[in-house]
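Undergrad: Here's the letter readout for the chains.
There are 2 protein chains.
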Amino acid sequence: MDTKPVNSVIQERLTLLRKRMHEKGVDYYMIPTADFHNSEYVSDYFKVREYFSNFTGSNGTLLVWQEGAGLWTDGRYFIQAERELSGTGITLFRMQTEGVPDIGAFLAEQMADGQTLGFDGRVISASEGRRYEKKMESANKQIRFAYGEDLADVIWENRPTFPAGRVWVVPDELAGASVAEKLSGVRAKLSENGAESLFLTKLDDLMWLFNIRGCDVECNPVAMCYGYITQNEAVIFIQKRVLEEHVVSYFENNGIRVEEYEEVTSYLEAIIPGQKILLDLRHCSYGFAKLLADKHTIIEKQNPTELLKAVKNATELSNMRKIYLKDSVAVTKFIYWLKTSMKKLADGEIVDGMQTITELSAAAKLEEFRRGIPEFLDLSFPTIAGYGANAAMMHYEATEESHAVLKPEGFLLVDSGGQYLGGTTDVTRTIALGPVTEEQKLHYTKVAQGMLQMTHAKWLYGCTGRNLDILARKPLWEIGLDYRCGTGHGVGYILNVHEGPQSLRWRYVEGVGEAVLEAGMDVTNEPGVYIEGSHGIRTENVMVVCNLEKNEYGQFMGFETLTWVPLDMEAIDEKYLSEDAKKMLTVYQQQVFEKISPYLTEEEKQWLKEETNA
Amino acid sequence: MDTKPVNSVIQERLTLLRKRMHEKGVDYYMIPTADFHNSEYVSDYFKVREYFSNFTGSNGTLLVWQEGAGLWTDGRYFIQAERELSGTGITLFRMQTEGVPDIGAFLAEQMADGQTLGFDGRVISASEGRRYEKKMESANKQIRFAYGEDLADVIWENRPTFPAGRVWVVPDELAGASVAEKLSGVRAKLSENGAESLFLTKLDDLMWLFNIRGCDVECNPVAMCYGYITQNEAVIFIQKRVLEEHVVSYFENNGIRVEEYEEVTSYLEAIIPGQKILLDLRHCSYGFAKLLADKHTIIEKQNPTELLKAVKNATELSNMRKIYLKDSVAVTKFIYWLKTSMKKLADGEIVDGMQTITELSAAAKLEEFRRGIPEFLDLSFPTIAGYGANAAMMHYEATEESHAVLKPEGFLLVDSGGQYLGGTTDVTRTIALGPVTEEQKLHYTKVAQGMLQMTHAKWLYGCTGRNLDILARKPLWEIGLDYRCGTGHGVGYILNVHEGPQSLRWRYVEGVGEAVLEAGMDVTNEPGVYIEGSHGIRTENVMVVCNLEKNEYGQFMGFETLTWVPLDMEAIDEKYLSEDAKKMLTVYQQQVFEKISPYLTEEEKQWLKEETNA
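From first to last, the protein sequence lines stand for chains A and B.
Going by numbering that gives the first Met the number 0, 559 is the number at position 560 of the first sequence; the sequence numbering is gapless.
Going by numbering that gives the first Met the number 0, 290 is the number at position 291 of the second sequence; the sequence numbering is gapless.
Incorrect hints may have been included.
The list treats identical chains as interchangeable, and a pair is accepted whether it falls inside one copy or across any two copies.
To be verified - In silico BS3-like links for lysine-lysine, alpha-carbon gap of 25 angstroms or less: (1) K574 to K140; (2) K275 to K134; (3) K406 to K289; (4) K294 to K343; (5) K364 to K325; (6) K457 to K582; (7) K440 to K549; (8) K140 to K275; (9) K134 to K188; (10) K133 to K188; (11) K604 to K574; (12) K300 to K133; (13) K457 to K440; (14) K608 to K594; (15) K364 to K604; (16) K364 to K343; (17) K294 to K581; (18) K406 to K321; (19) K581 to K457; (20) K134 to K300; (21) K239 to K406.
Read the hints as simulated data drawn from the structure, not as lab findings.
For clarity, every value in this text was computed on a predicted model and none was experimentally measured.
Working from the sequences, and respecting the hints, build out all of it.
TA: Here it is in structure tokens:
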């Protein structure tokens, strides 16, 4: 007997959806987690899957049919999904678990010839849609794809409004390159690829290209828009009502034609047939790709903006160095405050009016330090502050309903960052709040060694992140541990905290391209250890790829560090460090002191001096 | 004024070829270095390019047209090619040099619509031929490909005979798996890939599959043959006249149908149309691929034999351990002989009747030690013995006409191996014959450190050689050096010294697949330093991939070393070694002593004890 209470709200919504599916002749309806631009994070308007399933994780796809419903999500969310789906009647499909079919295999197995698979063609990427097509083909199933309508829209009462925040212009002195220069770079790439035009749908690429920013996704300073670029013309499709007059003038002065966001479909339909259009199928929606492929030749390539954006220009780098220093000062001050406060609380004192510090109040305090920086705009992602075993969950987010109170022992892991006029930061430190166990010291020390070894990487031009990843991972693999995720990702410039194509990761995926590390690319360096039920450790700096010497063997490359926050000597036991790593640690800590101490109070400075042996 | 003497022999041959090209309506004729099986090394019969160009290197393509001729070769052979082409009128095209077009680009540039490109369709692989087709397509050139005839054959007087050496059967107790087991493994892979049959053209894969060996290519124990495998049948196309009766019986007893080598074409032509045939386009000739594609569905995949062959079975591994030990003893005895002989010669003594030792006599002495091993069959490749600056040429081969006399100073690099009943070996040691410079010590020590670091690699299952390569290369990159080639390659079992798909290398090549390192794969570990005009250093061991612990993070992997030859302590300065590397060195040297010393004379043992600090 199932004793779980029924979630009647969700069940009623699903009933309405099934009714509508029946009316429309749709047998299976798929609801992913995406907006019209296949963004990594989406605004509330796009949380359709959450509305129909109660599952709030950042990754998951709901599939509904007359007799049932299933939700596919990944390992980060198994426990949460089980809880949130309880009573909804929705079956949880644990992705990448033995014996669990992926959604394509499930559909190919379940669906019968002549049936219809429905989805909103605007929220499934062209490459994903094509994977489903291929799956059906190789299973020899004749399936109709109905992707012209969002069946959820009329059902969803009080749907949040479509995001339409303020748009602002990044001045050239902050951007380092004018929109004209950027357009000419993109046009050169179009010619190289034999394309006449580019239909650009990826929001951060659009922001970069047009030197604008918005606020339509939490922590991601992007505005909902599309772009269509030819050799002679550049059109932006954007909600005109949100544009202030000076933004309209800016577009005008730069020869950018502004069209209404909603008009993009009719614009694309009206393009004279026979164009060669470059399209990035990972980001363009299935619906638009189908529309364009109908009358044009599609050149399937990565958006040329991606690589251009990834390589930061001299102005961007110079601003980033300054902003990262200020951000590092804020984080260092926070660490000092936290460590001393924990001692005060242990002694029965009150700190900032609080008798305890929680994961939430710690995060709030850190935000307060960041807000003190004049260039601060916003956080670059919701702060992850995980105490003890909570930190073992890589994407933990404390909530008002559920969060831990800090104790004067063990680790607090804090992964955080800011959006500034001058860059986007991302930094993680794991802070000993008091005594830590021998095992925790071992893990902390090995993580630090991995981070430092990656910092000192030197390689010949031509390497990708797959060549270097082992430098950070080696100390952990040697003791039989791993962190089950990449070592690092690219970081935007006053943009999304995750960007590509550069990354540091090791897994080989057949057919997936890799990005050669180019001077000017920034990348995080964040090895970790996550022991379920016990503790989580991560140490994360941001670095920039730079040129070293060039000789007959080629161009040697290395990293320049941007993040200057001390490592926690209370958690390091040098007996676990190699001789080389000891030297690297000393050098890093001393550099931190030199760079940070001028911006600290006397007490903070004194503490940092001891912490860094400077 | 060109004062170089004219090479009239070559010029006359080219004149005859041009005449024949004219008769056949061929405008450009291409002669690569390959046999009908796209083997890495070829027998004399196939040295057509050498006959028409005088260039003897192992890699190069000759292109002939009415007004000229060009030879494309890689960096290893620039100096040699310049010398050998002198007076032939052939232009040298230095591959991968700035401003030098590759042969495809050159053809696409030079050839006019309606012209004909000719080549022997049996000696160009399908994938190479397809690259030329694509090149012409993207250059919008209408070019005819004439690949049905070997225009050189009637011109070449006294052409060496087609190779047809003795064929022998590898007994199951040496092979570790019967031909029936191997065929069933291949058939399972065919089903997996949706193929009904396999046309197998790669000689070492054929030897492995049928448990036979030949001697049709120097040092490569292969016999010229083809195979056609279906779910019910296995056919070998081989020169019947070379088969001794017991070999014929062996095939018969194992249900393998034997057809004449020359009949393969008519056999393929007669296959009932509409088959799904798996074909490895890298190894199948352009001609056969065209023939089959005409009437069948080609499933383009790697030969399934390649991966099956690469993972050595328990019997193979057990035999290899024994043979590598014996081979290591031979090399160690040689090093002792060489070092003591150099001292004796310096003291005016005569050694083995010689007043000097040369690169050639040193190689001969090493071969003598190997021939003393009962299981010895042949060398696995012509020994590279390079003294001083000669060793800076990675593929140096001393000849009777040109070789160095050894002096009691500097390095002799010796890269050598044997074919044994029980395995194929490949080992390099660089031996100090007397004093070496400080720079040479630095380089030798860093190479040793790289080799040792790779030996101790530990990783999670899923890594390919591209993940690990940096472990060996790091000490050299750190001081601004590189060795411009991969770190390691797979090694056959009583087969070719180079085999795939496994390798240790770092360069990312878009679209080129990588092989995950599987337990049982063997791979060389051979970092080096090559300073033109000065010295060359390489240290090479062979290792086998093995499983270490398995836990919640996955299967950890490591290497087992097969080669036990001491490193030269006279060339190592420990001040250049990290603490970790010092320990690794001590461990390796002591293991060498433990394993090798029981097979040495008292004097050798005493020397080895000192050399290894054992």
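Undergrad: Next, verify each hint and record whether it holds.
TA: Against the structure, the hints:
Taking the shortest Cα distances, K574 and K140 never come within 25 angstroms of each other, neither inside one copy (61 angstroms) nor across copies (67 angstroms). Proximity of K275 and K134 under a CA criterion of 25 angstroms is satisfied inter-copy only: 20 angstroms between copies versus 28 angstroms inside one chain copy. In the homo-oligomer, the alpha carbons of K406 and K289 never lie at most 25 angstroms apart, since the shortest distance is 56 angstroms inside one protomer and 73 angstroms across protomers. With identical chains, the CA atoms of K294 and K343 are never at most 25 angstroms apart, being 70 angstroms at best within one copy and 84 angstroms at best between copies.
Within a single copy, K364 and K325 get their C-alpha atoms as close as 16 angstroms, which meets the 25 angstroms cut-off; across copies the closest is 69 angstroms, which misses it. In this assembly of identical chains, K457 and K582 lie within 25 angstroms of each other by CA distance both inside one copy and across copies; the values are 17 angstroms within and 24 angstroms between. In the homo-oligomer, the alpha carbons of K440 and K549 lie at most 25 angstroms apart only across protomers (24 angstroms), although the nearest pairing inside one protomer, at 40 angstroms, exceeds that limit. For a Cα distance limit of 25 angstroms, the shortest separation of K140 from K275 across copies, 21 angstroms, qualifies, whereas the shortest one inside one copy, 32 angstroms, does not.
For the identical chains of this complex, K134 and K188 are inter-copy neighbours only, at 20 angstroms across copies versus 33 angstroms inside a copy, given an alpha-carbon limit of 25 angstroms. In this assembly of identical chains, K133 and K188 lie within 25 angstroms of each other by CA distance solely across copies; the values are 21 angstroms between and 30 angstroms within a copy. Taking the shortest Cα distances, K604 and K574 never come within 25 angstroms of each other, neither inside one copy (27 angstroms) nor across copies (38 angstroms). Taking the shortest Cα distances, K300 and K133 sit within 25 angstroms of each other both inside one copy (19 angstroms) and across copies (19 angstroms).
Within a single copy, K457 and K440 get their C-alpha atoms only as close as 28 angstroms, which misses the 25 angstroms cut-off; across copies the closest is 22 angstroms, which meets it. Only within a single protomer do K608 and K594 lie at most 25 angstroms apart by alpha-carbon distance; the minimum there is 12 angstroms, versus 53 angstroms between protomers. In this assembly of identical chains, the alpha carbons of K364 and K604 lie at most 25 angstroms apart only when taken from the same copy (19 angstroms versus 70 angstroms across copies). Proximity of K364 to K343 under the C-alpha cut-off of 25 angstroms is restricted to the intra-copy arrangement: shortest distance 16 angstroms within a copy versus 79 angstroms between copies.
In the homo-oligomer, the alpha carbons of K294 and K581 never lie at most 25 angstroms apart, since the shortest distance is 62 angstroms inside one protomer and 67 angstroms across protomers. Proximity of K406 to K321 under the C-alpha cut-off of 25 angstroms is found in neither arrangement, the shortest distances being 34 angstroms within a copy and 60 angstroms between copies. When the C-alpha separation of K581 and K457 is checked against a cutoff of 25 angstroms, the pair qualifies both within a copy, at 18 angstroms, and between copies, at 22 angstroms. Proximity of K134 to K300 under the C-alpha cut-off of 25 angstroms is found in both arrangements, the shortest distances being 22 angstroms within a copy and 20 angstroms between copies.
Taking the shortest Cα distances, K239 and K406 never come within 25 angstroms of each other, neither inside one copy (51 angstroms) nor across copies (83 angstroms).
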